Amino acid sequence: MAQSFHGGPTSKERKYDRQLRLWAASGQQALEDSRVLLVNSDGPLGANSTGVSGVVGVEALKNLVLPGIGGFTIVDPAIVTEADLGVNFFLEEQSLGKSRAEETCRLLRELNPDVHGYFNSQPITDLLHDPDFLPQHKLVIISGPTKRSSLDPLIQRAQELAIPVLYTHSVGFLATFSLQLPAEFPIVETHPDPESAQDLRLLHPWPELVAATSALGDLDAMDDHQHGHVPYILLLLYFLEQWKQAHGGNAPGNYKEKTEFREFVRSQARTSNPEGGEENFDEAVAAVLKTVSPPTIPSTIREIFELDQCQNLTGESVDFWLIAHAIHFFYMTHGVLPLPGSLPDMKAQSADYVSLQNLYKAKARRDVEEVTSTVRQLETQLDRRVPPIPDRDIDAFCKNAAHIKVVHGRQIPQISSNSDAVTLKAIRSQLGIPDSLVSVFIATQILDGVVDEIQDESNDRRFINDDTLWKSHTERILALLTRDDPTPLDSEVRDNINKAIQELRRAEGGELHNIASLAGGLVAQESLKVITKQYGPLDNTCVFDGARSRSEMYRL
Amino acid sequence: MLKIWSMKQQQQQAENAEGAAGKKKKKVTAAQLRVQRDLQELTLGNTMKMSFPNPDDILNFTLTIEPDEGMYKGGVFNFSFSVNQNFPHDPPKVKCTQKIYHPNIDLEGNVCLNILREDWKPVLNLNAVIVGMQFLFLEPNASDPLNKEAAEDLRTNREGFKRNVRSSMAGGSVRGIAFERVLR
Amino acid sequence: MIVTDANSQQNRWKHLHKVLTNAGPYCDEDWIPGEETITALESSKILGAGGLGCEILKNLALSGFKDIHVIDMDTIDISNLNRQFLFRQADIGKPKAEVAAAFVERRVKGVKITPFVGKIQDKDEDYYMQFKIVICGLDSIEARRWINSTLIGMVDMENPESLKPLIDGGTEGFKGQARVILPTLSSCIECQLDMHAPRPAVPLCTIATIPRQPQHCIEWAHQIAWQEKRKDDTFDSDDMEHISWVYNTAMERAQQFHIHGVTFQMTQGVVKNIIPAIASTNAVIAASTTSEVLKIATSCNPYLENYMMYAGEEGVYTYTFEAEKKPDCPVCGNLARKMIVDRNSTLGDFIDSLGERAEAQLKKPSLRTEEKTLYQRFPPQLEEHTRPNLKLKLHELLEDGEEVAVSDPAYTIDFRYKVIFNK
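Protein chains in written order, with UniProt numbering: chain A, 1 to 556; chain B, 1 to 184; chain C, 1 to 423.
The hints are all genuine.
Lysine-lysine pairs mimicking DSSO-like chemistry, simulated, CA-CA at most 30 Å apart:
| hint | chain 1 | residue 1 | chain 2 | residue 2 |
| --- | --- | --- | --- | --- |
| 1 | B | Lys99 | C | Lys231 |
| 2 | C | Lys372 | B | Lys26 |
| 3 | C | Lys123 | C | Lys338 |
| 4 | A | Lys499 | C | Lys18 |
| 5 | B | Lys26 | C | Lys338 |
| 6 | C | Lys229 | B | Lys93 |
| 7 | C | Lys393 | B | Lys26 |
| 8 | C | Lys272 | B | Lys121 |
| 9 | B | Lys93 | C | Lys119 |
| 10 | C | Lys229 | C | Lys272 |
| 11 | C | Lys364 | C | Lys338 |
Label pairs and their computed distance ranges (CB to CB):
| hint | chain 1 | residue 1 | chain 2 | residue 2 | range |
| --- | --- | --- | --- | --- | --- |
| 12 | A | Asn465 | C | Gly34 | 15 to 25 Å |
| 13 | C | Asp236 | A | Asp220 | 50 to 60 Å |
| 14 | B | Arg163 | C | Ser140 | 41 to 51 Å |
| 15 | B | Gly171 | C | Ala311 | 56 to 66 Å |
| 16 | B | Asp56 | C | Lys175 | 39 to 49 Å |
| 17 | A | Ser214 | C | Glu324 | 49 to 59 Å |
| 18 | C | Met309 | A | Glu303 | 25 to 35 Å |
| 19 | A | Thr333 | C | Ala201 | 35 to 45 Å |
| 20 | C | Lys175 | A | His204 | 32 to 42 Å |
| 21 | A | His204 | B | Gly171 | 54 to 64 Å |
Honestly, the hints are just simulated from the structure, not real lab data. Bear in mind the structure is a predicted one, so any value in this text is a computation, not a measurement. Just so it is clear, CB atoms sit at the ideal spot from N, CA and C, and this is done for glycine as well.
Chain A on its own, in the form it takes in the complex:
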């Protein structure tokens, strides 16, 4: 028996170690509290087909079950066929002739005993009659193509419930998917690159930092050892003071002045020592251009502050907007955001570094306290009926204040008679870019039209490779593309769309395992970001072209 000791990891922490290093315990908790709905088929794709093979959806679930999602529901009326066994890994010989929902659910559950799996073989439109069905889920994944009469009510209902939706296609070598998020989807933990996330306040030092700089005394009086170990932040503050005295109290402002200041710092390094230079001065010189700048507030944050949800709080406002409002108030009062409080590593003696670090930490703590007291006042004023906002959420928000993000979700984009003008315009402008993969998105829209007709007309003689069907839907979609902008599509654009259609039709609606698995990876990745509310989710459509090994993203 292994010896246990204080601070060692639990077996769950060991199992999930490699992912906890990305989204931490908070992300893992969000994952474990979530159940995902997969709508994996919705009727046959023509006379000789049982429907979408649904591999993208199952592969996406695999990538969610492994990291420990709370649960999943598979809705799939299909019966397992031979063709399924050639493309879906989560079916076996004994599955033939059985419910595909049940069989894929069973084999996915084997992957992780922590995960609850459910299945249902009824069509999704029937299940939607039960008002309690959809709200059990935190995310919906739909395997396309799906007929409009099922798709539209599902995405509509999900939007009303603010449940994110992913609508996917994987046909032959091509895959597309779109993410529908609520109208405002806020993210606090965006995980910015640590380099860009630094905020050292060199031009806005607070009194304790100024005092620490003055406490250095005279740099020239230091011995080589001390001189070579002054943390570069204090060096810059020290020399900024000298610069200001020589420049009428002004800090270096433009690029030219900053370059002059940098050379001034460089000239102050001692070079007569055995090393022929000083590392702390090298660090200071390298940091001038990036860190000697007045604290600015990113335009994205300014926009968030100006949103109605942030300005006009109500008793119904969610935690995010209360904290955002309080931080906006802090910003109005001080002209800066709360200090994140982290300090990069730098050449310094241990004790000097730690005390400088403590200055930054203490200031950050005071800023959090100030924001917290505003939040508490707001909670009282608004008379909210929900538990008080946890301190750790306010803390995380303050640390990430310069990097928070609000995604303005859009509906699953479609090219149809009631298409949004924004969608059509975005597609038209993409079509102007040579080799744009947006033609693949257009081709999948045509496929949706073809399948819609096959399924809703319940016409037994229609096949997915019926040329006349494809022709009429191609013409319909191309006509829609020129609805708002009557400039005709040029021949190159038409040629690209035709090639995408040709590549799509080559597989007759079937999935190739590699491409489905790749798309399943991407869909799972977006699901993880949406569920954990971390990193940056897709906004809103992605195309992967496996024939030419590349992808593109669009906001449609």
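On the provided structure of chain A, position chains B and C as indicated by the hints.
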């Protein structure tokens, strides 16, 4: 025939390459080849010697430094070099095989030299390392030490430090620690 | 029991066979779709290796490949279970290659998967020669460089089948890359070596005397304190007692310097150089590599030329580009030339003859084989050792067909010769 294999055939016709024969043998590795080149380009001077316990294995050798000036003059210092197959992506591993009194070399033989660790780049060669090693004996650096006590001595009492170097090289003790005799 | 007849097989693979029997708009014009392509696919023997193995085996089996070999030296660890989906709690400790091969064979009817538990370096050229394509998701640069130079060294101008395309994939957190290497024809792993950023290192003196970060304390415990206090134990990063000792020692040091933030998780991360890994990124990268294998084996669409970089933190970002082949690449820039010599001539004569070669007049060469230092001009100690070789006959130093590598200060690249004794 599938495309890439026929491409190869075309390239080969273009070059009119000679035929090869015989069973394939082990190839000289990229690391071996690079060390062969680096060794050939070394400048050792009078103060350095190398020895190869197994001359066929050029990835493992000993460097001996005999400083002819500075505080360590008269000493004979041995360093083992071990180059792995990931060279020059990885730096060589260098250790002092004697217990010596030096601010930048600890009692276990670890050496603090930037290009052996944080500043290593594949474009650097063995000569750069050897020059750096030689410099450590001419200009021991008290500012960022591995042997903190030795560094303190150097910083606060240079004459005392010199005496300590002499007595440690002669196999004496400094601050209660016995050192290896390394005099010529 | 289910009887799999030809008809059911055809139904089973119908989606795949559609793209193999119909040309698409991006296919090469000379490509002829049809039965021959299906036969080419099913008869291609593929080798897979490395940490993406589970995904790669599943994808190859469901791409219609029938003869797959897999090499992996590792055994299953609990931390693999969050992404390596063929392994269960009860499999911990068993060899990955065997468990994965047996699972996929059970699940996908008609595929043969042959596992080898060991290192890729355990196998020789004869072994690698049997495969059509090699696909790797290896976790170390060293292993990548090894397989790269081995496959490049195997290319024989007379035999196009000796060219083994190498498909390489790697992941780190939400990022990854897939690349296609056609040995000797396109940019190789060695040409692209500078794309691997070296692991950032902290100066040893910082660790020894002026720690500032929790990581510095862990490095100290791992690299310095262990050497001092536990000289006789070889550090094993999988031994919980060893990791706990490092953790506790690092904690003590951190307290002494008032440094916060040493955790057990961080300790493991630092000493094992742990790279975050998730199922979704592995799926994306493995599938993009196996998709390239399918395209190369069947020509059903153009293959990747030659690098796809992937980043998933902000939406889905990929960048596909052609990495350059370096003319002075030490691996693919100087392929071995054949040289026919008299087995009874001396090494000295051989060196003289190098000075008269058309490609380069080598005046001051040093040369070796994989096993032997033949002649090394500098340093003097090695020159003395190898000088007697100059008088020896070639057959006393080399085997027929052995490779000799030559460096000469006058040239920035090195030369390789395959020395063949005339009959």
